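Chemist: Take a look at the letters that make up each chain.
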Amino acid sequence: MAVVRPFDKLPALNSAAVLLVGSDESLQQKLAEAILKEKKNFKISIHLATSLPLPSERDHLRPRIDLIAFMIDIKSKYSLKNVEASLAHVDASFFLGKVCFLVTGVGRVNYCSVEMNAIWKLGEVYCSPVLYCELELEGIRVATAQRLLRMLQICAGHIPGVSALSFGLLMRNSADE
Amino acid sequence: MEPPQREPGAAAAGDAEAGPAAKLDVLTLLRLREQMKQQLMECSATVHASEESYPDHIIEEKLIKTTTEDLEREMEEVKVSFQNKTLVLQRIQLMDALRNKVKQNDDDSRLILETMKHIIMLSTAILESQQQAREMEEKLNDIKKKRLLLKQAGGNKLLQIHTTMKKQKKELASMEVGEMLEKIRNNLQKEKEMTTLIQNIFQNIIIGSRVNWAEDPSLKAIVLQLEKNVSFL
Numbered sequence: 001m002a003v004v005r006p007f008d009k010l011p012a013l014n015s016a017a018v019l020l021v022g023s024d025e026s027l028q029q030k031l032a033e034a035i036l037k038e039k040k041n042f043k044i045s046i047h048l049a050t051s052l053p054l055p056s057e058r059d060h061l062r063p064r065i066d067l068i069a070f071m072i073d074i075k076s077k078y079s080l081k082n083v084e085a086s087l088a089h090v091d092a093s094f095f096l097g098k099v100c101f102l103v104t105g106v107g108r109v110n111y112c113s114v115e116m117n118a119i120w121k122l123g124e125v126y127c128s129p130v131l132y133c134e135l136e137l138e139g140i141r142v143a144t145a146q147r148l149l150r151m152l153q154i155c156a157g158h159i160p161g162v163s164a165l166s167f168g169l170l171m172r173n174s175a176d177e
Numbered sequence: 001m002e003p004p005q006r007e008p009g010a011a012a013a014g015d016a017e018a019g020p021a022a023k024l025d026v027l028t029l030l031r032l033r034e035q036m037k038q039q040l041m042e043c044s045a046t047v048h049a050s051e052e053s054y055p056d057h058i059i060e061e062k063l064i065k066t067t068t069e070d071l072e073r074e075m076e077e078v079k080v081s082f083q084n085k086t087l088v089l090q091r092i093q094l095m096d097a098l099r100n101k102v103k104q105n106d107d108d109s110r111l112i113l114e115t116m117k118h119i120i121m122l123s124t125a126i127l128e129s130q131q132q133a134r135e136m137e138e139k140l141n142d143i144k145k146k147r148l149l150l151k152q153a154g155g156n157k158l159l160q161i162h163t164t165m166k167k168q169k170k171e172l173a174s175m176e177v178g179e180m181l182e183k184i185r186n187n188l189q190k191e192k193e194m195t196t197l198i199q200n201i202f203q204n205i206i207i208g209s210r211v212n213w214a215e216d217p218s219l220k221a222i223v224l225q226l227e228k229n230v231s232f233l
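Taken in sequence, the protein lines are chains H and V.
For the first sequence, the UniProt record's numbering begins at 1 and goes up steadily by one.
For the second sequence, the UniProt record's numbering begins at 1 and goes up steadily by one.
If we strip away everything but chain V, and leave its shape as in the complex, we get (with noise of 0.2 angstroms):
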């Protein structure tokens, strides 16, 4: 047994050995297996978890970096509200100083008195010239509106124009025909009636030259086919 030292600096280590020398015995060994394989068990555990948590890792930085751009962005806007902020107050601050200036009734707050009131002049004839150009420019849309739709009525009438005259191209065209069939079908019934009598004439000067055409098979099919009425064809 050693009794335990103190060292040098914040620690102090005392090593102590537990009696005797063990003996090297069965059981012991078997003891020493046993710690063995705990202690192998408990670091084994503990590397398995320190790598399990690397996916954490990633997730966590990515969470870092999502709120660092949220913080930037609040920061942003933190910002300029406080510019903002700063300008109304020197604004407010510029104006108390000059009203009180005013009040003080002097030569120089006389002089500043007719400045503003320059000031007020040119800013009621700005506005007053804009009212005009705003006037004027609405008159001027106005008209572009009307010259807009006097242009669309232009144009859908060119279009019924155009529709019309196609039609009765058409319609002359259409006529044309007509004409030309009617011809064709006077034609077409004179020739039919003029047939019909040829077969007539034909058919009687066979009948009266007393032939027996019955007799003769070409002579027996003209005469059968002089029986067909032309006009039914």
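Bound conformation, chain H alone (with noise of 0.2 angstroms):
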């Protein structure tokens, strides 16, 4: 499967499927048994890969996916560049509100590695909000994994009235700001 794309599937009932994309297994990890700690009211399959394109042999098997969460260490370059390769196998439909990005490692500015300035970018180019957080601190992980949550719920149109590309200009309006 060379592109993912995020309406060649029917959805599920009552279910929603997230995919986190990053180069650290570890923080996917802790961040996904967060999510999965919430309390909520329906079925989330989490999907962890370290880059794309996904497999194409298990791809019958994989759920539409509604949410992706490219995931960025600040302190390493190498998983920025993982994340920028990784932006091509994505279909463009997706970046209507259906990306995120998700920057980690905040807390600790003086192991900076990347530049601020790109990352800023990367989300103004691809149309999608970027998400700081530091996912090694307890309470900032459960934050975060509960923001992915309700984000989630809105691609996954679980939320009358409000769809994923409205969440989206609403989120860079106040970015902007």
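What the hints contain is simulated information worked out from the structure, not anything from laboratory work.
As the structure is a computational prediction, the values presented were derived from the model and not from experiment.
Watch out, some of these pointers could steer you wrong.
Said to hold, decoys possible - Result set (DSS-like, lysine-lysine): computed pairs, CA atoms no more than 25 angstroms apart in a straight line:
| # | chain 1 | residue 1 | chain 2 | residue 2 |
| --- | --- | --- | --- | --- |
| 1 | V | K117 | V | K101 |
| 2 | H | K75 | H | K9 |
| 3 | H | K30 | H | K40 |
| 4 | H | K43 | V | K192 |
| 5 | V | K157 | V | K144 |
| 6 | V | K117 | H | K40 |
| 7 | V | K157 | V | K167 |
| 8 | V | K228 | V | K192 |
| 9 | V | K228 | V | K190 |
| 10 | V | K37 | H | K9 |
| 11 | V | K37 | H | K39 |
| 12 | H | K121 | H | K77 |
What the hints assert, rightly or not - Simulated restraints on C-beta separations:
| # | chain 1 | residue 1 | chain 2 | residue 2 | range |
| --- | --- | --- | --- | --- | --- |
| 13 | V | L32 | H | S51 | 34 to 40 angstroms |
| 14 | V | R91 | H | A118 | 50 to 56 angstroms |
| 15 | H | P53 | V | E72 | 34 to 40 angstroms |
| 16 | H | G139 | V | T46 | 53 to 59 angstroms |
| 17 | H | S56 | V | Q83 | 22 to 28 angstroms |
| 18 | H | S26 | V | T67 | 36 to 42 angstroms |
Glycine included, C-beta positions come from ideal geometry on N, C-alpha and C.
Since each chain sits alone in its own frame, please combine them into the complex, following the hints.
Modeler: Below you can see the structure in the form of structure tokens.
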């Protein structure tokens, strides 16, 4: 499967799927566990991948992906490069609100090896919100999980009257100010 | 709750269900209905958007075609200019090589020099011949022009002669007609005079015979008619 498309599969009843893409697998695992611990009234499936494209042999088993979160560690240049390479395998209509960039390690800017400007520009170019967080800290991880969960609900179409696109626009406006 | 599992390959997936199986009460069903409505709306919007993008594709195709043509034309121009430049460069190189050779001043260079002089001589001869040919052509053109002018003048003269002859014929014809008219008029005059004379004689005879012409209506008509002057008719 060369390109992930948001609307090539039918949604399953009362369920949502999020795809976490990042090079740090332990952080992914922690975040996934935090999301699973949250209280919710729908089925959630979390897919973890170090990079895109996803292998095509298991494509028929995979549900419709509602949200892609690209995880960037500001301590590792490789994570940014990895994300940039993976973005090429995402269908353009995903960027209508169904993608977000998760920048982790914000609490230790001293060890920053990635230009913040590049990350900010990435969000601007791909019209997607950039969330800053510190996944090593318990409290912030929980808060991030809650944010992601809420976004996932919107992206999967569980919230009547709010679409992923309108939510993305809302986020972008607040970011510009 | 299931823990997320890693799978072979670049991707790993984990599934987890939210708590125990959802109870099927009215509220849940209503919520599910709203969810499905929203999802249906999003899907239909996507389908609609992809349908609407077809004219864009056509326009884009046209744009690409025109751009391709433009670029091809540009490429052709660049190719031609490149060829020209190559030619010029080759000539310059050749000239430079020749010049260097000539500067060496040995037997070969002398031969080259002689050939060049010969070429120059031939070229001047060609130029002169061309000049002569041009002059001759000019003369020929002059003569042709004169002949054309003469031809035109001859044509004009012929036309004049023709018109004069026509005029003369017309005049002749009109003169003949005039003579005939004159004769006819004279005849008419004579007849008129004769008629007047006869009228007068007849009138005098009737009056002299002392017939009361007023009694007979036919005679009366005749006498009254005789009163008319023929020359005024």
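Chemist: If a hint holds in the structure, say so; if it does not, say that too.
Modeler: Okay, the hints, checked on the actual structure:
1. K117/V <-> K101/V: This hinted pair holds, its Cα atoms lying about 15 angstroms apart.
2. K75/H <-> K9/H: violated, 36 angstroms
3. K30/H <-> K40/H: holds, 18 angstroms
4. K43/H <-> K192/V: Roughly 143 angstroms between the alpha carbons, so the hint for K43/H and K192/V is violated.
5. K157/V <-> K144/V: The hint holds at about 20 angstroms.
6. K117/V <-> K40/H: Violated, at about 103 angstroms.
7. K157/V <-> K167/V: holds, 15 angstroms
8. K228/V <-> K192/V: holds, 12 angstroms
9. K228/V <-> K190/V: holds, 17 angstroms
10. K37/V <-> K9/H: holds, 16 angstroms
11. K37/V <-> K39/H: Roughly 24 angstroms separates the two Cα atoms, so the pair holds.
12. K121/H <-> K77/H: At roughly 15 angstroms apart (the allowed maximum being 25 angstroms), K77/H and K121/H satisfy the hint.
13. L32/V <-> S51/H: 34 to 40 angstroms: About 35 angstroms separates the Cβ atoms of L32/V and S51/H, which means 34 to 40 angstroms holds.
14. R91/V <-> A118/H: 50 to 56 angstroms: Since the Cβ atoms of R91/V and A118/H sit about 54 angstroms apart, the hinted range of 50 to 56 angstroms holds.
15. P53/H <-> E72/V: 34 to 40 angstroms: With Cβ atoms ~36 angstroms apart, the hint holds.
16. G139/H <-> T46/V: 53 to 59 angstroms: violated, 38 angstroms
17. S56/H <-> Q83/V: 22 to 28 angstroms: Given range 22 to 28 angstroms: violated, Cβ gap about 50 angstroms.
18. S26/H <-> T67/V: 36 to 42 angstroms: violated, 50 angstroms
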